[in-house]
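Starting from the known structure of chain A, arrange chain B on it as the hints suggest.
There are 2 protein chains.
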Amino acid sequence: MIDATHDPALRSWVESANGHPHFPIQNLPLGIFSPPGGGAPRGGVAIGDRILDLPAAAALLIGEAAQAAAAAGAPTLNALFALGAGPRRALRAQLSELLAEGSPARARVEPLLHAAADCALHLPARIGDYTDFYVGIHHATNIGKVFRPDNPLLPNYKYVPIGYHGRASSVRVSGTPVRRPSGQLKLPDSEAPVFGPCRRLDYELEVGVWIGPGNELGEPIPVGEADSHVAGFCLLNDWSARDIQAWEYQPLGPFLAKNFGSTISPWVITPEALAPFRIAQPARPEGDPAPLPYLLDDADQRAGAFDIGLEVFLETPGLRERGLPPHRLSASNTRHMYWTVAQMVAHHASNGCDLHPGDLLGSGTISAPDEAGCGSLLETTKGGTRPVELESGETRRFLEDGDAVILRARAENPGFVAIGFGECRATVLPAR
Amino acid sequence: MIDATHDPALRSWVESANGHPHFPIQNLPLGIFSPPGGGAPRGGVAIGDRILDLPAAAALLIGEAAQAAAAAGAPTLNALFALGAGPRRALRAQLSELLAEGSPARARVEPLLHAAADCALHLPARIGDYTDFYVGIHHATNIGKVFRPDNPLLPNYKYVPIGYHGRASSVRVSGTPVRRPSGQLKLPDSEAPVFGPCRRLDYELEVGVWIGPGNELGEPIPVGEADSHVAGFCLLNDWSARDIQAWEYQPLGPFLAKNFGSTISPWVITPEALAPFRIAQPARPEGDPAPLPYLLDDADQRAGAFDIGLEVFLETPGLRERGLPPHRLSASNTRHMYWTVAQMVAHHASNGCDLHPGDLLGSGTISAPDEAGCGSLLETTKGGTRPVELESGETRRFLEDGDAVILRARAENPGFVAIGFGECRATVLPAR
Numbered sequence: 001m002i003d004a005t006h007d008p009a010l011r012s013w014v015e016s017a018n019g020h021p022h023f024p025i026q027n028l029p030l031g032i033f034s035p036p037g038g039g040a041p042r043g044g045v046a047i048g049d050r051i052l053d054l055p056a057a058a059a060l061l062i063g064e065a066a067q068a069a070a071a072a073g074a075p076t077l078n079a080l081f082a083l084g085a086g087p088r089r090a091l092r093a094q095l096s097e098l099l100a101e102g103s104p105a106r107a108r109v110e111p112l113l114h115a116a117a118d119c120a121l122h123l124p125a126r127i128g129d130y131t132d133f134y135v136g137i138h139h140a141t142n143i144g145k146v147f148r149p150d151n152p153l154l155p156n157y158k159y160v161p162i163g164y165h166g167r168a169s170s171v172r173v174s175g176t177p178v179r180r181p182s183g184q185l186k187l188p189d190s191e192a193p194v195f196g197p198c199r200r201l202d203y204e205l206e207v208g209v210w211i212g213p214g215n216e217l218g219e220p221i222p223v224g225e226a227d228s229h230v231a232g233f234c235l236l237n238d239w240s241a242r243d244i245q246a247w248e249y250q251p252l253g254p255f256l257a258k259n260f261g262s263t264i265s266p267w268v269i270t271p272e273a274l275a276p277f278r279i280a281q282p283a284r285p286e287g288d289p290a291p292l293p294y295l296l297d298d299a300d301q302r303a304g305a306f307d308i309g310l311e312v313f314l315e316t317p318g319l320r321e322r323g324l325p326p327h328r329l330s331a332s333n334t335r336h337m338y339w340t341v342a343q344m345v346a347h348h349a350s351n352g353c354d355l356h357p358g359d360l361l362g363s364g365t366i367s368a369p370d371e372a373g374c375g376s377l378l379e380t381t382k383g384g385t386r387p388v389e390l391e392s393g394e395t396r397r398f399l400e401d402g403d404a405v406i407l408r409a410r411a412e413n414p415g416f417v418a419i420g421f422g423e424c425r426a427t428v429l430p431a432r
Numbered sequence: 001m002i003d004a005t006h007d008p009a010l011r012s013w014v015e016s017a018n019g020h021p022h023f024p025i026q027n028l029p030l031g032i033f034s035p036p037g038g039g040a041p042r043g044g045v046a047i048g049d050r051i052l053d054l055p056a057a058a059a060l061l062i063g064e065a066a067q068a069a070a071a072a073g074a075p076t077l078n079a080l081f082a083l084g085a086g087p088r089r090a091l092r093a094q095l096s097e098l099l100a101e102g103s104p105a106r107a108r109v110e111p112l113l114h115a116a117a118d119c120a121l122h123l124p125a126r127i128g129d130y131t132d133f134y135v136g137i138h139h140a141t142n143i144g145k146v147f148r149p150d151n152p153l154l155p156n157y158k159y160v161p162i163g164y165h166g167r168a169s170s171v172r173v174s175g176t177p178v179r180r181p182s183g184q185l186k187l188p189d190s191e192a193p194v195f196g197p198c199r200r201l202d203y204e205l206e207v208g209v210w211i212g213p214g215n216e217l218g219e220p221i222p223v224g225e226a227d228s229h230v231a232g233f234c235l236l237n238d239w240s241a242r243d244i245q246a247w248e249y250q251p252l253g254p255f256l257a258k259n260f261g262s263t264i265s266p267w268v269i270t271p272e273a274l275a276p277f278r279i280a281q282p283a284r285p286e287g288d289p290a291p292l293p294y295l296l297d298d299a300d301q302r303a304g305a306f307d308i309g310l311e312v313f314l315e316t317p318g319l320r321e322r323g324l325p326p327h328r329l330s331a332s333n334t335r336h337m338y339w340t341v342a343q344m345v346a347h348h349a350s351n352g353c354d355l356h357p358g359d360l361l362g363s364g365t366i367s368a369p370d371e372a373g374c375g376s377l378l379e380t381t382k383g384g385t386r387p388v389e390l391e392s393g394e395t396r397r398f399l400e401d402g403d404a405v406i407l408r409a410r411a412e413n414p415g416f417v418a419i420g421f422g423e424c425r426a427t428v429l430p431a432r
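Protein sequences, first through last, are from chains A and B. Numbered continuously in UniProt numbering, the first sequence closes out at residue 432. Numbered continuously in UniProt numbering, the second sequence closes out at residue 432.
Bound-form chain A, shown alone (with noise of 0.2 Å):
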């Protein structure tokens, strides 16, 4: 729904929000922040270089959306999330007259907004529970072709949204190194497995959805009911340990290779800010089959996809050292998901699990078709066999200690403010 929040004419008397890559006053992601001098975790927005503390704000808002400021002043996301959309449209709404030039608020507001530099943000949300799926259709082909050069994608891809379950513990946000994991590695010249540090690090690009309101264990969520279950969006990288994978996943899929880490964006781009930037799902290749009826609603068809571009950039200590910028190791879009955010959801609830708040779901890596498109070093490299060069002479076929991926999104259409979804960055430590 595009309403009065997504004027482009709608300027912010926060001067830095103007013009800002991620934050102007059509965004008005939500996070956890701890002001400068480090008081309790609490709700925030991001607006420009600024964070608006939410429950302080909440006096100067009214009903719904006073109710979503002081549901922000917990710890955690969870509780706004619960909410759903009515208090999260309201608060929108009412922040963003009050944020907006000429608002004769300023004066009360002002004094409630930190500079997000002197700020440390944490999890936006106490995450119940993770599921990764597997929706990005040109990364399951690419490494489908791997193991099945005539026939990548398996039958079922096509009729199931694929997923499984991750972990919770160790998702982090964006800034917090991630460890290189050790593991049972199975060289090729090798009978038996070694154990050591991985070898084959890996990076996948991916967006995440976190749950707002859930369902009863055993009411499954009707596909043109799901969006209303869900809070909002943000990058998320899946750490990948592809020598550990490769001799683990058999039978029960990927455990280890995955579970030391997987880093997301701090803000909460709401399903509002996103509203300019629906499309219809992207039309089937011929051949494909229709949806199964519980995945099928016409309005998901026509506006349940998401026009989103995503980047992936590589820091490395010899770009670091030469004052080089970080190398852009590929450039995909959110169009390339095979099934959209609804069907995920309902998919997910259709048997009767139930979701909760806070429960963060990954779309899996969203490769574009092209070589410059993928969301993965296994994907780019062809496995390691096609390392990548950089500006600073450094090759890379995996990644190395010390080494930084930062994972970008940017939503843009004309005729509206583009908006971006703020860094997702980690960098990897050596193994203990």
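No lab work stands behind these hints: they were computed from the structure. Nothing here was measured: the structure is a model prediction, and the numbers come from that model. There's no promise every hint is true.
Copies of the same chain look alike in the list, so a pair counts if it fits in one copy or across any two.
[Stated by the list, open to error] The list that follows gives simulated cross-link-like pairs (lysine to aspartate or glutamate, DMTMM-like), each with its CA atoms no further than 20 Å apart:
#1 Lys158 / Glu423
#2 Lys158 / Asp288
#3 Lys158 / Asp189
#4 Lys382 / Glu371
#5 Lys382 / Asp7
#6 Lys382 / Asp370
#7 Lys186 / Asp288
#8 Lys145 / Glu15
#9 Lys186 / Glu216
#10 Lys158 / Glu191
#11 Lys382 / Asp150
Here is chain B on its own, set in the frame of chain A:
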């Protein structure tokens, strides 16, 4: 460590405890209960057919035991689990004295007991993450035979304690019915899947492991210290929709086939209570590789396994109507676990994955090598081809609506008083 709390001559002034099949004074398992009339959930200890209110008993305890009992004032045992073995042992020792025949404290303790039959039992902890292993080697072999008759175990099985992440949100305590899930089913005579109620609903006989003190992300747990991270044990029924599973599980493992519900027994059987039932890790068959060093600990090899008898009973509407007892489907034993609990924990954290108090690990299905010891109907009925015949005249290939599955466990060792785990029971409700 065997101490005075295990003395077989020890009797309780709670008469029902003496000779109780599950909860003699030598057991003293921990749980969360609501007293009759519906007070707030709190920690309790089962003794015979009574439950001792733990926070109420804190005033009768001293030192670490009092600390443990006070921690049990919360509606979950997470805080008690986090305290680790010292306070848990002190609690056991002092409760054993308070409840023993001749205790001078009897008059003060007796008012703190409730009739278990009048109490509600809850999940003992808030489960952060739930991980399911696959350490029942006879189960893995039975399942593998379906796909690879000549080479049923995959090459990694004897090196890797295979595990995967399950769904924490849908774990329920014994007594909560389980709703038959619907899902995508690929019928043999059809090209495309259909969506409908599961036709091949199954149980899985497992033991659950409660995690006590956790580890920091990035910091592995050495196998020699792994037992100190375990708070206790329960029974676990990992309900499985075999038809959904067969179609969805490639390439990332089981998802909707499992996450519609898991049932656990309410009582946490402590490592202390199980000390008399420790056995050496059964010798690996000749030719099996030795565990890699990070999974190998002398003390664990000598006494890291358990001798606990496991049983599965099926109670059908027909048996109930005719007043017939539940049918015993299976008898197995924890000695059929190929990996010890310490090996499971050490492996889980070997890549730095962080475990937390209240995390739940499942063993995976524990089948005995013989046909009467299969831990699932898939095995017992050979994939539904050899139905089980019941005294009521009913037959079962898989579970039908109204069926109840009951898991029981009992640890016996001559010279000690046998203890039980209580019951893990749930009834199948028809699909929505």
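How the hints compare with the structure:
1. For a Cα distance limit of 20 Å, the shortest separation of Lys158 from Glu423 qualifies neither inside one copy, at 32 Å, nor across copies, at 42 Å.
2. In this assembly of identical chains, Lys158 and Asp288 lie within 20 Å of each other by CA distance solely inside one copy; the values are 7 Å within and 40 Å between copies.
3. Taking the shortest alpha-carbon separations for Lys158 and Asp189, only the inter-copy value of 19 Å comes in at or below 20 Å, while the best intra-copy value is 37 Å.
4. In the homo-oligomer, the alpha carbons of Lys382 and Glu371 lie at most 20 Å apart inside one protomer (10 Å), although the nearest pairing across protomers, at 47 Å, exceeds that limit.
5. Taking CA atoms no more than 20 Å apart as the test, Lys382 paired with Asp7 passes in neither setting, with 44 Å inside one copy and 64 Å between copies.
6. For a Cα distance limit of 20 Å, the shortest separation of Lys382 from Asp370 inside one copy, 13 Å, qualifies, whereas the shortest one across copies, 47 Å, does not.
7. Taking the shortest Cα distances, Lys186 and Asp288 sit within 20 Å of each other only across copies (17 Å), while inside one copy they are farther apart (37 Å).
8. Proximity of Lys145 and Glu15 under a CA criterion of 20 Å is satisfied in neither setting, with 50 Å inside one chain copy and 68 Å between copies.
9. In this assembly of identical chains, the alpha carbons of Lys186 and Glu216 never lie at most 20 Å apart, being 43 Å within a copy and 27 Å across copies at closest.
10. In this assembly of identical chains, Lys158 and Glu191 lie within 20 Å of each other by CA distance solely across copies; the values are 13 Å between and 37 Å within a copy.
11. Taking the shortest Cα distances, Lys382 and Asp150 sit within 20 Å of each other inside one copy (17 Å), while across copies they are farther apart (34 Å).
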